[in-house]
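Engineer: Given next are the chains, with one letter for each unit.
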Amino acid sequence: MIRLEKRPQPSQTWSMATPLVAVVATMIFGGALFGVLGTNPLAAIRTIFFDPLFGEFAFYYRPQLLVKGAPLVLIAIGLSLGFKAGIWNIGAEGQYIIGALVGAGIGLAFYPLEAWYIFPLMILGGAFGGFVWAAIPALLKVRFGTNEILVSLMLVYVAEQFLASMSLGLMKNPEGFGFPGSRNLQEYASAHNTELIAGSGMHLGVVFAFIAVIFAYVLLNRHMLGFQIRLTGEAPRAARFAGVKPARLILFCLGTSGALAGLAGLFEVSGPAGQINIDFNVGYGFTAIIVAFLGRLHPVGILLAGGLMALTYIGGEIAQGQLGLPAAAIQVFQGMLLFFLLALDLLTNFRLRLAKGEVA
Amino acid sequence: MNETLLKIEGLTKAYPGVVANDSVSFDIDVGEVHALLGENGAGKSTLVKMIYGLVKPDSGRMVLRGQPFAPAEPRAARADGIAMVFQHFSLFDALNVAENIALGMEDPPRMRDLARRIREVSETYGLPLDPFRTVGDLSAGERQRVEIIRCLLQDPKLLIMDEPTSVLTPQEVGILFQTLEKLRSEGTSILYISHKLEEIRRLCDTATILRLGRNVGTCLPAETTARDMAEMMVGSTLQTPERAGRDFGDVALDLSGLSVPSPSAFGTSLKNVHLTVRRGEILGIGGVAGNGQDELLGVLSGEIPTAADAVKLGGQPIGRLGPTARRRLGLLAAPEERLGHAAASDMSLTENALLTGAVREKLVANGFLRWGAAQGFAERVISAFDVRTPGPANAARSLSGGNLQKFVIGREVLQAPEVLVVNQPTWGVDAAAAAAIRQALLDLAAKGTAVVCISQDLDELMEISDSFAALNEGRLSAPKDTSGLTVDEIGLMMGGAHGMEVAHV
Chain A
1 MIRLEKRPQP SQTWSMATPL VAVVATMIFG GALFGVLGTN PLAAIRTIFF DPLFGEFAFY
61 YRPQLLVKGA PLVLIAIGLS LGFKAGIWNI GAEGQYIIGA LVGAGIGLAF YPLEAWYIFP
121 LMILGGAFGG FVWAAIPALL KVRFGTNEIL VSLMLVYVAE QFLASMSLGL MKNPEGFGFP
181 GSRNLQEYAS AHNTELIAGS GMHLGVVFAF IAVIFAYVLL NRHMLGFQIR LTGEAPRAAR
241 FAGVKPARLI LFCLGTSGAL AGLAGLFEVS GPAGQINIDF NVGYGFTAII VAFLGRLHPV
301 GILLAGGLMA LTYIGGEIAQ GQLGLPAAAI QVFQGMLLFF LLALDLLTNF RLRLAKGEVA
Chain B
1 MNETLLKIEG LTKAYPGVVA NDSVSFDIDV GEVHALLGEN GAGKSTLVKM IYGLVKPDSG
61 RMVLRGQPFA PAEPRAARAD GIAMVFQHFS LFDALNVAEN IALGMEDPPR MRDLARRIRE
121 VSETYGLPLD PFRTVGDLSA GERQRVEIIR CLLQDPKLLI MDEPTSVLTP QEVGILFQTL
181 EKLRSEGTSI LYISHKLEEI RRLCDTATIL RLGRNVGTCL PAETTARDMA EMMVGSTLQT
241 PERAGRDFGD VALDLSGLSV PSPSAFGTSL KNVHLTVRRG EILGIGGVAG NGQDELLGVL
301 SGEIPTAADA VKLGGQPIGR LGPTARRRLG LLAAPEERLG HAAASDMSLT ENALLTGAVR
361 EKLVANGFLR WGAAQGFAER VISAFDVRTP GPANAARSLS GGNLQKFVIG REVLQAPEVL
421 VVNQPTWGVD AAAAAAIRQA LLDLAAKGTA VVCISQDLDE LMEISDSFAA LNEGRLSAPK
481 DTSGLTVDEI GLMMGGAHGM EVAHV
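So the protein sequences, as listed, match chains A and B.
Counting from 1, one number per residue, gives the positions in the first sequence under the numbering used here.
Counting from 1, one number per residue, gives the positions in the second sequence under the numbering used here.
No lab work stands behind these hints: they were computed from the structure.
Any given hint could be a false lead.
[Said to hold, decoys possible] Cβ-to-Cβ under 8 Å is the rule here; a few derived chain B residues that face chain A:
1) Leu-103
2) Gly-322
3) Thr-324
4) Pro-335
5) Ala-344
6) Ser-345
7) Leu-355
8) Thr-356
9) Ala-358
10) Leu-369
11) Gly-372
12) Ala-395
[As the list claims (entries may be wrong)] Take a look, some chain B residues computed to stay more than 10 Å from chain A by CB distance:
13) Phe-86
14) Arg-133
15) Glu-337
The beta-carbon is built from N, C-alpha and C at its ideal position, and this holds for glycine as well.
Bound conformation, chain A alone (with noise of 0.2 Å):
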């Protein structure tokens, strides 16, 4: 019989060894799944993980890798700091929608003048969107104690909406010939963000991804206020006992989480995207949920499963292309990489003994 038995402590070995445990595990029964579906399950994993760094066509999804992680990146980090407390953002797909409803509605009511100061102005509207929409939350749970979970997810929805009727409505472009969306800020160039180095696709929203990083990594290890983050998630009332605010803690966090995605929102709809348009929400802002807890809650971690999950994306795309493997088995796949990374988890905190059942 197998017992779990608690450790004194958390092992620190077990904490930074069970990413690349269920990665592996990961590897071998999605290989099994690939194989079972009939296809060559070393091709399969050697398609999805390797592929698009090394392999024919890596010139092309390099820079691919870039643009899919760093919005998974700047968000997660966001949601990293409300987890970490206790504080339950999960509505990151809405703040990254009025992110960028925000952003592009300012790059578009300058249209078409030219000037250094759009941009700038743009990224503000950005962050400032993601965060009163993150605001709103946070203060029905401040004022009236609301569920943050159940406010923030509803108003994904309503940003969802909002999304439709500005591209249908307010912000279509008046020479687009009827067609729903506003018009392609990749051809306004005070409102573009370019690529920084062209056909890296490094654009400012990447550099935007590695400083959350540092500033995560700095606040959480070295800063007052990443301690009573801390503190708060591991012992609520021992952290109101060592004076932390809950109100002003349930603010920072819920309102730099949704600064981050809006930033995220407006660096996509004026790079990668282009255009608002009502399919512009493709799920960052619910992979980033996985991204963080793959990461552990740690800004590195995070950079790391942020770059691991926009991997995933793009070999299981190219899986799909070159394998005729079915989008439901990549989904499959990606499934467990954060079950097995949950499931092992357990190994931090306990470990496991063989031992004789007890006899009755």
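Knowing the structure of chain A, use the given hints to seat chain B on it.
Structural biologist: Positioned in the frame of chain A, the structure of chain B alone reads:
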């Protein structure tokens, strides 16, 4: 009377890293009150859990009335006439007494019949209790009666009681003892677990003393002094805390007309509390658990805000200030619950030192943490209070209760407070650590700190405090000088038997 009911032979139970019971043997006679005595961690709980079928022994055997006895689960133990009253009650606050009792029965009778039987038993044994009252409204003593009556309805041959008096006023203890004596006269055996020596001397026929999992001796409590029993328990000579002079300075802490609703639904609201503590004075606050102790600590630590004037520190109104601002002014506190309130269990001792030490020990500069200084502070607490741990990087939960408590108290004491408030400073702590903590509080007072010690351990309060007041349903009695206080006076301050007449036995 000398017929043996339960014979325990060589029971051994080992957990990873610790032998909880090491071949423990003793006999319980029919109609005997048998005390099981020992410090925390001596193995008392493990032993009774084996008798009650909650834990299976690794080796050894038990014989009940001449038959081999190895209960696989509590149900089997109950079927053989063994009942247990746990230290922590398993009652639902929102249900009434009869409903709670019905929940624990194999096949409960109709509610009306059950209520009648509850009344019968409660009258027979002098345990006044109304079957239709909601448990949430009952005092701790009354809740315990629910548990006892639940056991008595099974007509037990052996009743196990785990620390039954820790939640009772002296008057309620008197009622309980009358009940237990009546049970004994009817031939029921009682296994009585406690570390309160005087009451064991009053009640018990025989005592078995456990130390570090071994049976270190048996004695007749009536013929043995409390001190001798204590030294058997501890295995060494006890140091009695001593204090130097008793010079009080100005009033350091002043509560006047403090009324605060409790933040939780089944908590106790504080009603019109007045108290003053002078520099160098230790004020002991007694009372049965759940009479407003947590709320009083919250009001003083700053977790529960009050009207500004209700709490004054050195004459300055601080009722609206939060915990951080109060620490800056020198009002420090150590709550009862070590893990989760006084300390964060998964965080290191360094981080836990930062938890309350940030302001006074200057562990933060411009919002940034000074990890080196925090670790230094944690190390000072560890060495000054002899906290047994490999180092400050260890998680709080890896420490034993006594060691963590020394850390928690030491963390506040070393910050040189003007006023220190502690709640249950030695709860669940071994005798040596408890003595060290009490000594530290006395030393602190000798240096001019005003100390408020909230505790349910009356012996502790009598030992260290200069004045004594009691909390009863959120009201604080007027403080009295400790010297010359009698047990009866203390009991009345604690609310007597909580308004209940002693039933006629």
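Engineer: Compare the structure with each hint and give your call.
Structural biologist: Verification of the hints:
1. Leu-103: Violated, because the Cβ-Cβ distance from Leu-103 (chain B) to chain A comes to roughly 27 Å (cut-off 8 Å).
2. Gly-322: 5 Å, holds
3. Thr-324: Hint on Thr-324 (chain B): holds, closest Cβ of chain A at ~3 Å, below 8 Å.
4. Pro-335: Pro-335 (chain B) check passes; min Cβ-Cβ to chain A is 6 Å, inside 8 Å.
5. Ala-344: 4 Å, holds
6. Ser-345: 7 Å, holds
7. Leu-355: This hint holds: Leu-355 (chain B) lies near chain A, its Cβ roughly 5 Å from the closest one there, short of 8 Å.
8. Thr-356: Holds: closest Cβ of chain A sits about 6 Å from Thr-356 (chain B), inside 8 Å.
9. Ala-358: 7 Å, holds
10. Leu-369: Interface hint status for Leu-369 (chain B): holds (6 Å vs cutoff 8 Å).
11. Gly-372: Violated, because the Cβ-Cβ distance from Gly-372 (chain B) to chain A comes to roughly 12 Å (cut-off 8 Å).
12. Ala-395: 4 Å, holds
13. Phe-86: 22 Å, holds
14. Arg-133: The claim holds: Arg-133 (chain B) sits with its nearest Cβ about 30 Å from chain A, beyond 10 Å.
15. Glu-337: 7 Å, violated
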